[in-house]
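Enquirer: Letter by letter, the chains look like this.
2 protein chains.
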Amino acid sequence: MDNFKFHVSTEIFFGKDQIQNLPEVISRYGKNVLLAYGSGSIKKSGLYDQVKALLKDCVVTDFSDIEPNPHLTSVERGATLCRDHKIDVILAVGGGSVIDCSKIVAAAALYEGKAWDLVLDAALITKALPLVSILTLAGTGSEMNKGAVITNTENHMKKGTGNWATLPKASIIDPTYLYTLPARQTAAGSADIMSHVMENYFKSTPDAFVQDKIAEGLLQTVIKYAPIALKTPDDYAARANLAWASSLALNGLTGSGKGGSWSVHPIEHELSAYYDLTHGIGLALLTPAWMRHILNVQTVDKFAEFAVNVWHLPVIGDKFKLAHQGIDATEEFFRSLGIPMTLSEVGIDESKFQLMAERAVQLGALQHAYVPLSVNDVLAILKACA
Amino acid sequence: MDNFKFHVSTEIFFGKDQIQNLPEVISRYGKNVLLAYGSGSIKKSGLYDQVKALLKDCVVTDFSDIEPNPHLTSVERGATLCRDHKIDVILAVGGGSVIDCSKIVAAAALYEGKAWDLVLDAALITKALPLVSILTLAGTGSEMNKGAVITNTENHMKKGTGNWATLPKASIIDPTYLYTLPARQTAAGSADIMSHVMENYFKSTPDAFVQDKIAEGLLQTVIKYAPIALKTPDDYAARANLAWASSLALNGLTGSGKGGSWSVHPIEHELSAYYDLTHGIGLALLTPAWMRHILNVQTVDKFAEFAVNVWHLPVIGDKFKLAHQGIDATEEFFRSLGIPMTLSEVGIDESKFQLMAERAVQLGALQHAYVPLSVNDVLAILKACA
Numbered sequence: 001m002d003n004f005k006f007h008v009s010t011e012i013f014f015g016k017d018q019i020q021n022l023p024e025v026i027s028r029y030g031k032n033v034l035l036a037y038g039s040g041s042i043k044k045s046g047l048y049d050q051v052k053a054l055l056k057d058c059v060v061t062d063f064s065d066i067e068p069n070p071h072l073t074s075v076e077r078g079a080t081l082c083r084d085h086k087i088d089v090i091l092a093v094g095g096g097s098v099i100d101c102s103k104i105v106a107a108a109a110l111y112e113g114k115a116w117d118l119v120l121d122a123a124l125i126t127k128a129l130p131l132v133s134i135l136t137l138a139g140t141g142s143e144m145n146k147g148a149v150i151t152n153t154e155n156h157m158k159k160g161t162g163n164w165a166t167l168p169k170a171s172i173i174d175p176t177y178l179y180t181l182p183a184r185q186t187a188a189g190s191a192d193i194m195s196h197v198m199e200n201y202f203k204s205t206p207d208a209f210v211q212d213k214i215a216e217g218l219l220q221t222v223i224k225y226a227p228i229a230l231k232t233p234d235d236y237a238a239r240a241n242l243a244w245a246s247s248l249a250l251n252g253l254t255g256s257g258k259g260g261s262w263s264v265h266p267i268e269h270e271l272s273a274y275y276d277l278t279h280g281i282g283l284a285l286l287t288p289a290w291m292r293h294i295l296n297v298q299t300v301d302k303f304a305e306f307a308v309n310v311w312h313l314p315v316i317g318d319k320f321k322l323a324h325q326g327i328d329a330t331e332e333f334f335r336s337l338g339i340p341m342t343l344s345e346v347g348i349d350e351s352k353f354q355l356m357a358e359r360a361v362q363l364g365a366l367q368h369a370y371v372p373l374s375v376n377d378v379l380a381i382l383k384a385c386a
Numbered sequence: 001m002d003n004f005k006f007h008v009s010t011e012i013f014f015g016k017d018q019i020q021n022l023p024e025v026i027s028r029y030g031k032n033v034l035l036a037y038g039s040g041s042i043k044k045s046g047l048y049d050q051v052k053a054l055l056k057d058c059v060v061t062d063f064s065d066i067e068p069n070p071h072l073t074s075v076e077r078g079a080t081l082c083r084d085h086k087i088d089v090i091l092a093v094g095g096g097s098v099i100d101c102s103k104i105v106a107a108a109a110l111y112e113g114k115a116w117d118l119v120l121d122a123a124l125i126t127k128a129l130p131l132v133s134i135l136t137l138a139g140t141g142s143e144m145n146k147g148a149v150i151t152n153t154e155n156h157m158k159k160g161t162g163n164w165a166t167l168p169k170a171s172i173i174d175p176t177y178l179y180t181l182p183a184r185q186t187a188a189g190s191a192d193i194m195s196h197v198m199e200n201y202f203k204s205t206p207d208a209f210v211q212d213k214i215a216e217g218l219l220q221t222v223i224k225y226a227p228i229a230l231k232t233p234d235d236y237a238a239r240a241n242l243a244w245a246s247s248l249a250l251n252g253l254t255g256s257g258k259g260g261s262w263s264v265h266p267i268e269h270e271l272s273a274y275y276d277l278t279h280g281i282g283l284a285l286l287t288p289a290w291m292r293h294i295l296n297v298q299t300v301d302k303f304a305e306f307a308v309n310v311w312h313l314p315v316i317g318d319k320f321k322l323a324h325q326g327i328d329a330t331e332e333f334f335r336s337l338g339i340p341m342t343l344s345e346v347g348i349d350e351s352k353f354q355l356m357a358e359r360a361v362q363l364g365a366l367q368h369a370y371v372p373l374s375v376n377d378v379l380a381i382l383k384a385c386a
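Residue numbers (the numbering used here), protein chains in the order written: chain A, 1 to 386; chain B, 1 to 386.
Any given hint might turn out to be false.
If several chains are the same, the list does not tell them apart, and a pair holds so long as it fits within one copy or across any two.
[What the hints assert, rightly or not] Calculated pairs, SDA-like style, for lysine to any residue (alpha carbon to alpha carbon, straight line, at most 25 Å): (1) Lys5 / Asp235; (2) Lys169 / Ser27; (3) Lys319 / Val308; (4) Lys56 / Val300; (5) Lys5 / Gln50; (6) Lys159 / Gly113; (7) Lys114 / Lys231; (8) Lys302 / Ile223; (9) Lys86 / Asp349; (10) Lys224 / Gly317; (11) Lys16 / Pro372; (12) Lys224 / Pro206; (13) Lys44 / Asn376; (14) Lys224 / Val308; (15) Lys44 / Val308; (16) Lys52 / Ser41; (17) Lys5 / Asn163; (18) Lys169 / Pro340; (19) Lys319 / Thr299; (20) Lys31 / Lys352; (21) Lys5 / Gly30; (22) Lys224 / Asn3; (23) Lys321 / Thr80; (24) Lys31 / Pro314; (25) Lys159 / Gly347.
Simulated from the structure, these hints should not be mistaken for lab results.
Note that this is a predicted model, so its numbers are computed, not measured.
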């Protein structure tokens, strides 16, 4: 196990009607609130009106139309709003895109230089406006971590950033808000949770046993409850377990003490940067191909463990066969959630494979991945998904 | 799953030589430091000298001789030191007893009334001096939670308390500090971790699946590494996994979202209140008897799950038999750690059983336990351990 710092100070209000805590939480920071949200689904659901009513004593400035895979231009727009309206606190109501965007808005509002600098170099983020979130989509875990992924549409660059200052002060997670999610979002969010866990699970750091056992538990949670949430969207137990698993998947519990780069996320970031693909969909379709590509004598034991502990497959003598069974189970599971599992199904052809492979290796430091990946490795993975 | 608030803001510095962060962490709060510790083992190990050297720019007041099952008189002594020396921050160096005592010292130093009031009513704890801890014994999880257990020797009352103000600001967890622990302490700490997890695991709240999967992972961690730490006290992987599992066992991950009282701790508190028994030893010896006592048609499925998921016992048709096999495995495991598994082995006779049973039910609200326990139930459990 590697040395680590763990500091997740976000105050989580979890459960039905926890939004009643909102006025008290916001009042800790001030009266001028930037209300950040996406395309307006919170207006349809009534959540927008509820938030406005709860914040009737505040001066609320709307910051709407934050897109999926949030753009740098949105960050800049939000930061300008913060400065113009002397914002005290940002309230992000949405999924990972809204919260990610709000994190960098919070930092950019207090930064003299260009917002993109903060994406290129997370160390430049030394202060930020306080951020509170209300989650409406489980998957990214952004409500309980410091990370944010921002896309620069000018140079098609999608990159992660974030620092301790961008950790939300508080997050309200009410599983009933997830009842109205479209099936595709539920599936993509579930794949995102699993991918976060698997990126940390498949690492070469020895003896991070407790992290891996938590990882296996979170994976089993998604495997149990994602199908239930798809079949019965208002099943509280399913939504609650998925939501809490999502927060815990990427708050440091599965990754602290384990070194090295992630493998699938950097490749997926290229897909969404060039094709605006839904992040979780991209992760799901890349994952089995990546697993098959890196399965070898060094990694087979870990994949066999994964097959037994996560998928409950019976132990057999041929560990390569067992490993393949675990990978097949992963692929079948994603497919069963209704996720398109090839690039052609989502309209992506081979024309940018070379370019995306080069950028994934460069931006993702894939030489430090569980199994180091070269441009040719990434190309092979993309081709296997064609 | 029940509604919950999760707010564990303690900054954890985990790993070898993390003590180098101490001067910076302490400097956030001031220069007048109360250095709290126990019987002096930190002087033998050299840790005391290292801390003093690192805090050479501070004014350090020693608060020594905090006993296991820390006494109210120690809390009062510490609070007086804080007032007399205008203490800015408390540094607790030790295990759960030192940290627990320091938490209530931190609160009592800022409280006008009697320190015992803060034990009787945790809601009275509204502010406290900042507390930083350096862990030297894994088990209680006190380094990453707000709870503290204090014993009043006048009325033999041992009771838990704590509030958000008593959560440590930062904790340094260096697994190498555990290398010199006596075997009995390693065993007792391991049993303490497992008991915390099992108290939360065996609850009647439905659908807290993610919590239970994390619980199973933490139990498997202790089962794997406690024997290794006993055999090879300086095995880093074993000490690191036990230490991190210990913090996670009682920081809210396994218990948030699950209601009801704990079962074994209130009974054990009576044993230590009257006989000053090591907490983890008492928990271990009571646990199998408690499990057998509450095994019934309502609880058998949970115990069968425990047998399979935690002890990896093969599924069999007779679930009561399977449940008993899991309980037997638990007992055998504690015995294999060298823990005395009967009350007579630790010098406790039946003379106070009735008194202790009455107080356990009253102080522990055992009517709200997983299976509600009456005085007669507790008596039967104690007798089964005789």
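Enquirer: The structure should be examined with respect to each hint, and the outcome stated for every one.
Expert: Going down the list of hints, with the structure as the test:
In this assembly of identical chains, the alpha carbons of Lys5 and Asp235 lie at most 25 Å apart only when taken from different copies (21 Å versus 36 Å within one copy). Taking the closest pair of Cα atoms, Lys169 and Ser27 come within 25 Å of each other both inside a single copy (12 Å) and across two copies (23 Å). Taking CA atoms no more than 25 Å apart as the test, Lys319 paired with Val308 passes in both settings, with 11 Å inside one copy and 22 Å between copies. In this assembly of identical chains, Lys56 and Val300 lie within 25 Å of each other by CA distance neither inside one copy nor across copies; the values are 58 Å within and 51 Å between.
In this homomeric assembly, Lys5 and Gln50 come within 25 Å of each other (Cα to Cα) only across copies, at 21 Å, whereas the closest approach inside a single copy is 38 Å. Taking CA atoms no more than 25 Å apart as the test, Lys159 paired with Gly113 passes inside one copy only; the shortest distance there is 18 Å, against 55 Å between copies. Proximity of Lys114 and Lys231 under a CA criterion of 25 Å is satisfied in neither setting, with 45 Å inside one chain copy and 57 Å between copies. Taking identical chains as interchangeable, the C-alpha atoms of Lys302 and Ile223 lie at most 25 Å apart whether they share a chain (19 Å) or sit on different chains (20 Å).
In the homo-oligomer, the alpha carbons of Lys86 and Asp349 never lie at most 25 Å apart, since the shortest distance is 46 Å inside one protomer and 70 Å across protomers. In this homomeric assembly, Lys224 and Gly317 come within 25 Å of each other (Cα to Cα) only across copies, at 23 Å, whereas the closest approach inside a single copy is 27 Å. Taking identical chains as interchangeable, the C-alpha atoms of Lys16 and Pro372 are never at most 25 Å apart, the minima being 44 Å within one chain and 27 Å between chains. When the C-alpha separation of Lys224 and Pro206 is checked against a cutoff of 25 Å, the pair qualifies only between copies, where the shortest distance is 15 Å, while the shortest distance within a copy is 28 Å.
Neither within a single protomer nor between protomers do Lys44 and Asn376 lie at most 25 Å apart by alpha-carbon distance, with minima of 46 Å and 57 Å respectively. In this homomeric assembly, Lys224 and Val308 come within 25 Å of each other (Cα to Cα) both inside a single copy, at 15 Å, and across copies, at 17 Å. Proximity of Lys44 and Val308 under a CA criterion of 25 Å is satisfied in neither setting, with 43 Å inside one chain copy and 46 Å between copies. When the C-alpha separation of Lys52 and Ser41 is checked against a cutoff of 25 Å, the pair qualifies only within one copy, where the shortest distance is 15 Å, while the shortest distance between copies is 58 Å.
In this homomeric assembly, Lys5 and Asn163 come within 25 Å of each other (Cα to Cα) both inside a single copy, at 13 Å, and across copies, at 24 Å. Proximity of Lys169 to Pro340 under the C-alpha cut-off of 25 Å is found in neither arrangement, the shortest distances being 36 Å within a copy and 46 Å between copies. Proximity of Lys319 and Thr299 under a CA criterion of 25 Å is satisfied intra-copy only: 11 Å inside one chain copy versus 37 Å between copies. Neither within a single protomer nor between protomers do Lys31 and Lys352 lie at most 25 Å apart by alpha-carbon distance, with minima of 48 Å and 59 Å respectively.
Proximity of Lys5 to Gly30 under the C-alpha cut-off of 25 Å is restricted to the inter-copy arrangement: shortest distance 22 Å between copies versus 30 Å within a copy. In the homo-oligomer, the alpha carbons of Lys224 and Asn3 lie at most 25 Å apart only across protomers (21 Å), although the nearest pairing inside one protomer, at 33 Å, exceeds that limit. Neither within a single protomer nor between protomers do Lys321 and Thr80 lie at most 25 Å apart by alpha-carbon distance, with minima of 56 Å and 67 Å respectively. When the C-alpha separation of Lys31 and Pro314 is checked against a cutoff of 25 Å, the pair qualifies neither within a copy, at 58 Å, nor between copies, at 59 Å.
Taking the shortest Cα distances, Lys159 and Gly347 sit within 25 Å of each other inside one copy (23 Å), while across copies they are farther apart (63 Å).
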